[in-house]
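Spelled out from the first residue to the last, the chains are:
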Amino acid sequence: MKDEKDFIQQLLSPKHKEKAFVRLVDLYQERLYWHIRKLVVSHENANDVLQNTFVRVYKSLFSFKQQSSLHTWMYRIAYNESLRLLEKNKNRNAISLEDVQEKHLESLFDSDYLDGSEIQIKLKKALSMLSEKQRIVFQMKYYDDLKFREISDILDIKENSVKTCYYGAVKHIEKKMLEVEIIR
Amino acid sequence: MDFKTTHNASELKRLHQKELGMDVPEGYFSSSKKDILSKTIYQSKRTRVIKWMGASMSVAAAIVIFVFLKTGTNKVSDENQILNEFDNDVLISSLFVSNKKVDTLTDVYMLEGLIDENDF
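Protein sequences, first through last, are from chains A and B. In this note's numbering, each residue carries its 1-based index in the first sequence increased by 9. In this note's numbering, each residue carries its 1-based index in the second sequence increased by 2.
Some hints could be false.
[What the hints assert, rightly or not] Which chain B residues face chain A? A few, computed with CB under 10 Å, are given here:
#	residue
1	Lys15
2	Lys20
3	Glu21
4	Lys103
5	Val110
6	Met112
7	Glu114
8	Leu116
[Said to hold, decoys possible] What follows is a set of in silico ranges between Cβ atoms, one per label pair, in the way DEER data are often shown:
#	chain 1	residue 1	chain 2	residue 2	range
9	B	Lys47	A	Glu13	23 to 31 Å
10	B	Glu28	A	Lys167	53 to 61 Å
11	A	Lys156	B	Ser32	24 to 32 Å
12	B	Arg50	A	Asp57	21 to 29 Å
Note that these hints are calculated values from the structure, not bench results. Glycine is no exception: its CB is placed at the ideal position from the N, C-alpha and C atoms.
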């Protein structure tokens with residue numbers, strides 16, 4: 010924690026700001042990329058959102074009130090930037106946010122990166138059947154390894170609600186993966 | 003220093019690739035880092051240089067205007083000074099004219115005046 014406070018001081022100091030910011034990019038670039046990628050799905054969109062996130066972080070550093078950790082604050086910015094992009098795409102195509110997510114998931118199944126292994130397909134199908142909120146909470150907990158409290162801060166929902174969402178999602182995934190197994 | 007130690011970068015990549023089928027182009031993160039820094043630190047440096055140049059040019063322009071105005075004012079004041087010196091010289095030299103000469107001059111002036119009046 011002391012390390013983080015020192016680091017924030019460096020980020021705010023005109024003398025050390027630039028060096029500290031390079032370090033911040035090194036530390037968080039990949040984590041934020043994967044967090045964003047799961048929300049916006051395509052690599053191109055994730056790249057745009059990642060750039061915007063760091064630009065916003067750089068410009069807003071002076072207004073960071075340190076009420077949450079730097080880690081949580083950056084995830085929140087990345088999350089909001091992802092929503093902004095999805096909203097923009099929704100307005101452009103005049104379809105709902107859930108449709109955008111669904112469309113993204115469909116495109117992911119056609120992605121060149123997906124090698125089509127059984128576990129991937131099962132998991133993707135199970136994830137696509139979750140509600141938007143459940144999917145986001147599950148991904149943040151399972152893949153991003155965030156704490157319930159951190160997810161609650163990022164999504165601005167109560168911690169208990171986050172827990173309920175997560176455990177509900179886990180149950181749903183287990184059930185759906187079993188169903189897929191039976192159908193196959 | 004690392005604030006989150008559980009999932010490191012390579013583990014994250016493996017997890018996303020293996021379980022979600024997501025991957026990134028080769029060398030993406032190094033090129034992305036360059037893009038981010040060019041939009042943040044370097045952009046801010048560029049803005050600072052432009053602002054500094056703008057400020058310098060404004061100062062230079064102000065100096066040029068000041069010098070120009072100052073030179074113009076000096077020219078005018080030089081002319082005034084010459085006139086003042088001339089006036090002073092005239093006043094000073096008039097002090098050296100003898101009373102006798104002044105009386106003669108006054109007499110001649112008055113005499114001429116009288117002659118003129120008689121003519122009409």
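- Satisfaction of the hinted span 53 to 61 Å by the C-beta atoms belonging to Glu28(B) and Lys167(A): Cβ of Glu28(B) to Cβ of Lys167(A): about 42 Å, so the range 53 to 61 Å is violated.
- Query: Regarding Lys156(A) and Ser32(B), is the given constraint of 24 to 32 Å on their beta-carbon distance met?
  - Reply: Roughly 30 Å apart at Cβ, these two residues keep to the hinted range, so it holds.
- Message: Let's test the interface hint: is any C-beta of chain A closer than 10 Å to that of Glu114(B)?
- Response: With a closest approach of 87 Å, the Glu114(B) hint is violated.
- Query: With 10 Å as the cut and Cβ atoms as the points, is Met112(B) at the interface with chain A?
  - Reply: Violated, about 87 Å.
- Hint status (Cβ of Val110(B) to nearest Cβ of chain A, threshold 10 Å): Constraint on Val110(B) not satisfied, violated at 87 Å.
- Item | Pairwise beta carbon distance, Lys47(B) to Glu13(A), judged against the given window 23 to 31 Å | holds (26 Å)
- Task: Against chain A, run the beta carbon of Lys15(B) and see if the smallest gap drops under 10 Å.
- Result: holds (7 Å)
- Message: The hint names Glu21(B) as touching chain A; please verify it with the least Cβ-Cβ distance against 10 Å.
- Response: Since the shortest Cβ distance to chain A is 6 Å, the answer is holds.
- Message: Let's test the interface hint: is any C-beta of chain A closer than 10 Å to that of Lys103(B)?
- Response: Where the cut-off is 10 Å and the nearest Cβ of chain A is about 82 Å from Lys103(B), the hint is violated.
- Can we keep the Lys20(B) interface hint, with Cβ of chain A closer than 10 Å? holds (8 Å)
- Message: Tell me if the interface restraint on Leu116(B) is satisfied: Cβ within less than 10 Å of some Cβ in chain A.
- Response: Since chain A brings no Cβ nearer than about 92 Å to Leu116(B), farther than 10 Å, the hint is violated.
- Query: How does the Cβ-Cβ distance of Arg50(B) and Asp57(A) compare with 21 to 29 Å: does it lie in that range?
  - Reply: Holds, since Arg50(B) and Asp57(A) (Cβ atoms, about 26 Å apart) stay within the stated range.
Of the numbered hints listed earlier, those contradicted by the structure are 4, 5, 6, 7, 8 and 10.
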